[in-house]
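*Asks:* These protein sequences, in sequence, are chains L and B. So the first sequence is numbered by our numbering: it starts at 18 and just counts up by one. So the second sequence is numbered by our numbering: it starts at 149 and just counts up by one.
Note that these hints are calculated values from the structure, not bench results. Glycine included, each C-beta is placed from N, C-alpha and C at the ideal position. Treat the hints loosely; a few may be bogus.
[Stated by the list, open to error] Pairwise CB distance ranges, derived in the manner of DEER restraints:
#1 Asp184(B) <-> Val31(L): 47 to 57 Å
#2 Ser123(L) <-> Leu176(B): 37 to 47 Å
#3 Ala80(L) <-> Ala433(B): 27 to 37 Å
#4 Leu212(B) <-> Ser123(L): 26 to 36 Å
#5 Val31(L) <-> Trp157(B): 42 to 52 Å
#6 Ser439(B) <-> Ala80(L): 38 to 48 Å
#7 Val31(L) <-> Asp226(B): 21 to 31 Å
#8 Asp51(L) <-> Arg237(B): 13 to 23 Å
#9 Ala383(B) <-> Ser45(L): 48 to 58 Å
[Unchecked claim] Negatives, chain B to chain L, calculated, CB over 10 Å:
#10 Gly162
#11 Ala169
#12 Ser174
#13 Glu192
#14 Glu197
#15 Ala230
#16 Arg359
#17 Glu376
#18 Ser379
#19 Trp394
#20 Arg417
#21 Ala420
#22 Ser423
#23 Pro436
#24 Ala442
#25 Gly454
[To be verified] The calculated EDC-like cross-link candidates involving lysine to aspartate or glutamate, where the alpha carbons are at most 20 Å apart (straight line), are:
#26 Lys223(B) <-> Glu362(B)
#27 Lys223(B) <-> Asp76(L)
#28 Lys216(B) <-> Glu264(B)
#29 Lys53(L) <-> Glu264(B)
#30 Lys216(B) <-> Asp226(B)
#31 Lys53(L) <-> Glu197(B)
#32 Lys53(L) <-> Asp186(B)
#33 Lys62(L) <-> Asp186(B)
#34 Lys53(L) <-> Asp224(B)
#35 Lys62(L) <-> Glu192(B)
#36 Lys75(L) <-> Asp186(B)
#37 Lys223(B) <-> Glu55(L)
#38 Lys75(L) <-> Glu197(B)
#39 Lys53(L) <-> Glu193(B)
#40 Lys448(B) <-> Asp365(B)
What follows is the residue order along each chain.
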Amino acid sequence: MRARRFFFFLLMIVFGAGLGVAYGWWFSPPPYADLKPETLSYDYKADYVLMIAEIYRKDGNLAAALGRLALLENLPAEQVVAQALLTASRLQYAQADLETLAFLASALPKAAPRVSPTAPAENAP
Amino acid sequence: MNDEPRGHWYLLTGLIIGIVAGLVLSLLVYPVRYADSDPSALSEEYRNEYRRLIADAYSANANLARAKQRLALLKDSDPAGALSAQAQRLLASGGGPEDARALALLAAVLSGAAPEITPPAAITLTPSAGTAAAAQQTPGAARTVSPSPASTSTATPRPSATLAPGEAVRTPTPETPTLTPSATTTPLPTFTPRPTATPPQVAAAPFALVRKSEVCDSSLPAGLIVVEVRSRAGAPLPGVRIQVAWDGGQDTFFTGLSPEISPGYADFRMTAGLSYTLRVGDAGAPVPGLSLPACGGSWKIEFQEGPR
Chain L
18 MRARRFFFFL
28 LMIVFGAGLG
38 VAYGWWFSPP
48 PYADLKPETL
58 SYDYKADYVL
68 MIAEIYRKDG
78 NLAAALGRLA
88 LLENLPAEQV
98 VAQALLTASR
108 LQYAQADLET
118 LAFLASALPK
128 AAPRVSPTAP
138 AENAP
Chain B
149 MNDEPRGHWY
159 LLTGLIIGIV
169 AGLVLSLLVY
179 PVRYADSDPS
189 ALSEEYRNEY
199 RRLIADAYSA
209 NANLARAKQR
219 LALLKDSDPA
229 GALSAQAQRL
239 LASGGGPEDA
249 RALALLAAVL
259 SGAAPEITPP
269 AAITLTPSAG
279 TAAAAQQTPG
289 AARTVSPSPA
299 STSTATPRPS
309 ATLAPGEAVR
319 TPTPETPTLT
329 PSATTTPLPT
339 FTPRPTATPP
349 QVAAAPFALV
359 RKSEVCDSSL
369 PAGLIVVEVR
379 SRAGAPLPGV
389 RIQVAWDGGQ
399 DTFFTGLSPE
409 ISPGYADFRM
419 TAGLSYTLRV
429 GDAGAPVPGL
439 SLPACGGSWK
449 IEFQEGPR
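With the rest of the complex left out, here is chain B (with noise of 0.2 Å):
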């Protein structure tokens, strides 16, 4: 008889207590966890990881088809744009100019302002059963990059689906130095190491000073050492290390930075009062004596690619 006046409360708060109950559990205990992401689901931070390997993975086997679909992962609007906004992030922050470099090599390369690099020298593969194994599989999962230059491409499309949760944890042992990855065992091959890739000509190459003059008018920001670097054709070079020198410090930036502008353009902005010393390349002459021009101005230096 009593419980007549304490209405249906009870109901009202068993469903709060249950509400919160439950959101404590999916948001906290227990929250959404991604898993077979793909890279554009990345933080800022991984994804300028991802472009940097990109970019250092191009420095080193000059794929360039390859580096544009690994690019293309990442989704961005303007890859080449975000790859030079990196470099130039990267140096800003004191990051390594080995980094910057490549990428931005490659924001040049994608840009069509630059050449592509070269591809480094073939492997040369000692013949075992692994490498006639390999040649007879067929194709059928394609992956999502392109394949390597030396194989044939299909159109297949990439399987939408991963390794099943029982294959991903079959990982073979560290201490066997031969995986078998399927039921059809194909041993790994033996191979001599690749060679070594020949570097970017343009890193040791000597470049010679072909102007140096003094703008004056609203052509260019006043204050600024303009660099400008071209090829022995006469195409400008990115990707160029240009060291820049002044009485108690120095600092280091590259061509290729701004390739909206050129990608053999750099830039430099000087503080009145110090004389600045300037030097293209790891063996170009020094360039004396640069300095706020009377006329409140910028120095134009333009430098070609030696003869070897």
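So here's chain L without its partners, still in its complex pose (with noise of 0.2 Å):
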């Protein structure tokens, strides 16, 4: 008998944490708002980067391009154009956009300093 209870008590937990998790996931979960840019797709990263290669292109200062990639995504900054190069040429991005992303990702390895995985750039304005 007690290890029949004993079944039943476990059965409960069990469904009741089925309840917890589904309320939790599915019924009320976080609203879609408020994120942040680490969360875009692929293709909205890759015209993040086109646009801080696009400025960068322009005006040439290359820490801010590196304090704007740092927002979007803390990975070292060549990571994330390389990323974004790929993205682009899978989406078959017009030549100039190649190349302006080129550009920018050209001029990182030479001055810009590695940022560790680890160490959060979270230096968001």
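Both chains are sitting in their own frames, so use the hints and assemble them into the complex.
*Replies:* Next comes the structure, spelled out in structure tokens:
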């Protein structure tokens, strides 16, 4: 009798846990808002980097470009730009846009200090 | 025999324990994390940054169609108004005047009150295998933003799916200058750097004082210096920097932050007892002796872009 009660006790715990998880994940998830740029899909990230590259190509301000890249993703800047180049190639961006991204990519390894992936670059304004 | 009086409360106890554990798990330990989101879901702070990037990129490439499409991603009900409001907030918080100017300029262009800025000079490409290969690419997957003016625009819908997880981590090593994005290797082209874009002419053009008058009626709020700047053709000019200095201080503001009034409009609130000197543009002649009019009204000062 005691074993039977214990079995049903455990069963109710599992059932309750299922209810709690269902509530948190399906019925009341956090709102789809107030997200960070790192949650953007890859095509939007690529366009984000392209904007940074377009600005960099005009003003040549690498420090500003690095700051903007750090806002996008907590990864080394060259990796972020390389990923954007990959995505841009797959999505068949115009040649001029690929060149703009490559222009930024070529500037990064020479002058940019490597940021450790473990060191968060949370210097967002 | 002793079980009977205890009833079935243990079932309720188990259920409550389970629910609490499930809630902790789903809300605290492993909460829902969104991925593959779009820019409209960004927090206000990052939406502002996104708008700033769009405006700065527009200043750099003068591609209005692209700027419009990027702004559309944010799903603002009034993109021009959002840009203008952000420019004002930026200036009020002491932010970069160049960013505020870019935001105001794009807002004015979007509202149709200002002409588009001149696109930068065309890129000079060094012919290479990469260029030829790229030219032979067949359009299939269109992107969210419009292609550059040099490319032919296709109305292919944007692919809903992004890169597969396996593809996402296939990043080239940073030390490798040439990336291999796909199985059919397309080397990146070599190119000569794009010439620096010519800044809009309004930035440094000299402006001549056309009219300076006290306004004592109720057509203007009291205590303002109202500046109207026009181009040589007489069109209102947004994005013109105006400096105002007084004994012990100075401030900078821009035309175009109130496009609902006029793209060439700007105003500054005076303090009683101070005398202000105003200068429009980088090479404009200063206008000294501006203080609260005796009638308690405002100053209205009109400038026009002078000859080169």
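*Asks:* Hints first: check each against the structure and report whether it holds.
*Replies:* Results for each hint:
no. : hint                                : verdict
1   : Asp184(B) <-> Val31(L): 47 to 57 Å  : violated, 32 Å
2   : Ser123(L) <-> Leu176(B): 37 to 47 Å : holds, 44 Å
3   : Ala80(L) <-> Ala433(B): 27 to 37 Å  : holds, 36 Å
4   : Leu212(B) <-> Ser123(L): 26 to 36 Å : holds, 28 Å
5   : Val31(L) <-> Trp157(B): 42 to 52 Å  : violated, 18 Å
6   : Ser439(B) <-> Ala80(L): 38 to 48 Å  : holds, 42 Å
7   : Val31(L) <-> Asp226(B): 21 to 31 Å  : violated, 51 Å
8   : Asp51(L) <-> Arg237(B): 13 to 23 Å  : holds, 19 Å
9   : Ala383(B) <-> Ser45(L): 48 to 58 Å  : holds, 54 Å
10  : Gly162                              : violated, 3 Å
11  : Ala169                              : violated, 5 Å
12  : Ser174                              : violated, 2 Å
13  : Glu192                              : violated, 8 Å
14  : Glu197                              : violated, 6 Å
15  : Ala230                              : holds, 16 Å
16  : Arg359                              : holds, 36 Å
17  : Glu376                              : holds, 29 Å
18  : Ser379                              : holds, 23 Å
19  : Trp394                              : holds, 30 Å
20  : Arg417                              : holds, 27 Å
21  : Ala420                              : holds, 35 Å
22  : Ser423                              : holds, 36 Å
23  : Pro436                              : holds, 34 Å
24  : Ala442                              : holds, 44 Å
25  : Gly454                              : holds, 27 Å
26  : Lys223(B) <-> Glu362(B)             : violated, 42 Å
27  : Lys223(B) <-> Asp76(L)              : violated, 28 Å
28  : Lys216(B) <-> Glu264(B)             : holds, 12 Å
29  : Lys53(L) <-> Glu264(B)              : violated, 32 Å
30  : Lys216(B) <-> Asp226(B)             : holds, 12 Å
31  : Lys53(L) <-> Glu197(B)              : holds, 11 Å
32  : Lys53(L) <-> Asp186(B)              : holds, 10 Å
33  : Lys62(L) <-> Asp186(B)              : holds, 9 Å
34  : Lys53(L) <-> Asp224(B)              : holds, 18 Å
35  : Lys62(L) <-> Glu192(B)              : holds, 17 Å
36  : Lys75(L) <-> Asp186(B)              : violated, 27 Å
37  : Lys223(B) <-> Glu55(L)              : holds, 19 Å
38  : Lys75(L) <-> Glu197(B)              : holds, 18 Å
39  : Lys53(L) <-> Glu193(B)              : holds, 9 Å
40  : Lys448(B) <-> Asp365(B)             : holds, 12 Å
Checked against the numbered hints above, the structure violates hints 1, 5, 7, 10, 11, 12, 13, 14, 26, 27, 29, 36; every other hint is satisfied.
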